[in-house]
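Participant: Here's the letter readout for the chains.
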Amino acid sequence: AQKITQTQPGMFVQEKEAVTLDCTYDTSDQSYGLFWYKQPSSGEMIFLIYQGSYDEQNATEGRYSLNFQKARKSANLVISASQLGDSAMYFCAMREGVIMRFGAGTRLTVKP
Amino acid sequence: EAQVTQNPRYLITVTGKKLTVTCSQNMNHEYMSWYRQDPGLGLRQIYYSMNVEVTDKGDVPEGYKVSRKEKRNFPLILESPSPNQTSLYFCASSSGLGSNQPQHFGDGTRLSIL
Chain D
1 AQKITQTQPG
11 MFVQEKEAVT
21 LDCTYDTSDQ
31 SYGLFWYKQP
41 SSGEMIFLIY
51 QGSYDEQNAT
61 EGRYSLNFQK
71 ARKSANLVIS
81 ASQLGDSAMY
91 FCAMREGVIM
101 RFGAGTRLTV
111 KP
Chain S
1 EAQVTQNPRY
11 LITVTGKKLT
21 VTCSQNMNHE
31 YMSWYRQDPG
41 LGLRQIYYSM
51 NVEVTDKGDV
61 PEGYKVSRKE
71 KRNFPLILES
81 PSPNQTSLYF
91 CASSSGLGSN
101 QPQHFGDGTR
111 LSIL
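Going down the list, the sequences are from chains D and S.
The first sequence begins at 1 in the working numbering and counts up one residue at a time.
The second sequence begins at 1 in the working numbering and counts up one residue at a time.
Don't take each hint at face value.
[What the hints assert, rightly or not] Only pairs whose alpha carbons sit at most 30 angstroms apart, straight line, appear in this in silico DSSO-like list of lysine-lysine: (1) S:57 with S:18; (2) S:18 with S:65; (3) S:65 with S:17; (4) S:17 with S:57; (5) S:57 with D:3; (6) D:16 with D:70; (7) D:3 with D:73; (8) D:16 with D:73; (9) S:57 with D:70; (10) D:3 with S:65; (11) D:73 with S:65.
[Said to hold, decoys possible] Reference listing, derived: stretches of chain S covered by chain D, where coverage requires no fewer than 3 residues with Cβ under 8 angstroms from a Cβ of chain D: (12) 11-23; (13) 41-53; (14) 70-81.
Keep in mind that the hints were calculated from the coordinates and are not lab data.
It should be emphasised that the depicted structure is a prediction, and the values quoted were computed from it without experimental measurement.
From the three backbone atoms N, C-alpha and C, an ideal C-beta is built for every residue, glycine too.
Just chain D, same shape as in the assembly (with noise of 0.2 angstroms):
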């Protein structure tokens, strides 16, 4: 069964504008952790913001917050004032134990 689901292939904002990634997630732990990533065309993945089961407030990292909705299961990416260069694949990421898994992720597209 998946255990992580983002349910947006692909996304289009326009340049300045807000946009928010969905996430869900299935795990019957009580501890985990939630990651974002962003994959550029170039390739490498880079790591954007975590957010811990127990932490009771949304993690926040410049533009980029985390909405947690803990008893929903869903950790979605809010990007505000987008970039162009926020143009990427987009991974939403849960770490069980020692096992991380990753959604199929969404393709984050900016107009300028």
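Use these hints to put chain S onto chain D, whose structure you have.
Facilitator: Okay, now just chain S, sitting in the frame of chain D:
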């Protein structure tokens, strides 16, 4: 500079010819892992290692071997590669298993098995 280094970056080879993809990190990280990335499937974990001489299977280990003889190195071995192992491979490392430790990724190795 802290980094994870994979070699080679690109490789085209033929079915059955053994190959090794090397991975080295200079951050003294305990945890290392290999992933393969395929379109529509995201990244899937092949093997991971919690420390020297400690390795275990991820979600897709069939057809792969690993070893961890030194802390900094974690090579991925394909003993008899097949075309279904054509993929983009990433090595990653992190400091321990604290759930808040992000993984640092290498630049990827694109393997084509003909």
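Participant: Would you mind marking each hint as holding or not holding in the structure?
Facilitator: Hints, verified against the model:
At roughly 20 angstroms between alpha-carbon atoms, residue 57 of chain S and residue 18 of chain S fall within 30 angstroms of each other, so this suggested pair holds. Restraint check for residue 18 of chain S and residue 65 of chain S: satisfied, since their Cα atoms lie roughly 11 angstroms apart, inside the 30 angstroms limit. At roughly 14 angstroms between alpha-carbon atoms, residue 65 of chain S and residue 17 of chain S fall within 30 angstroms of each other, so this suggested pair holds. For a cut-off of 30 angstroms, the pair hint linking residue 17 of chain S to residue 57 of chain S stands: about 23 angstroms separates their Cα positions.
Distance check on the hinted pair: residue 57 of chain S and residue 3 of chain D sit about 17 angstroms apart at the alpha-carbon level, within 30 angstroms; holds. Taken as a hint, the residue 16 of chain D and residue 70 of chain D pair is honoured in the structure, with Cα atoms around 29 angstroms apart against an allowance of 30 angstroms. Note on residue 3 of chain D and residue 73 of chain D: the hinted pairing holds, with a Cα-Cα distance of about 11 angstroms set against a maximum of 30 angstroms. Simply put, residue 16 of chain D and residue 73 of chain D have alpha-carbon atoms about 29 angstroms apart, close enough for the 30 angstroms limit, and the pair holds.
Restraint check for residue 57 of chain S and residue 70 of chain D: satisfied, since their Cα atoms lie roughly 29 angstroms apart, inside the 30 angstroms limit. This hinted pair checks out: residue 3 of chain D and residue 65 of chain S have alpha carbons roughly 25 angstroms apart, not beyond 30 angstroms. Distance restraint check for residue 73 of chain D and residue 65 of chain S: the Cα-Cα separation of roughly 34 angstroms exceeds the 30 angstroms cut-off, and the hinted pair is therefore not satisfied. Using a Cβ-Cβ cut-off of 8 angstroms, 0 residues of the stretch 11-23 of chain S lie near chain D, which falls short of the minimum of three, so the contact claim is violated.
Counting residues of the stretch 41-53 of chain S whose CB lies closer than 8 angstroms to any CB of chain D gives 7, which reaches the minimum of 3, so the coverage claim holds. A count of 0 residues in the stretch 70-81 of chain S with a Cβ less than 8 angstroms from any Cβ of chain D is obtained; the coverage claim is therefore unmet, three being the minimum.
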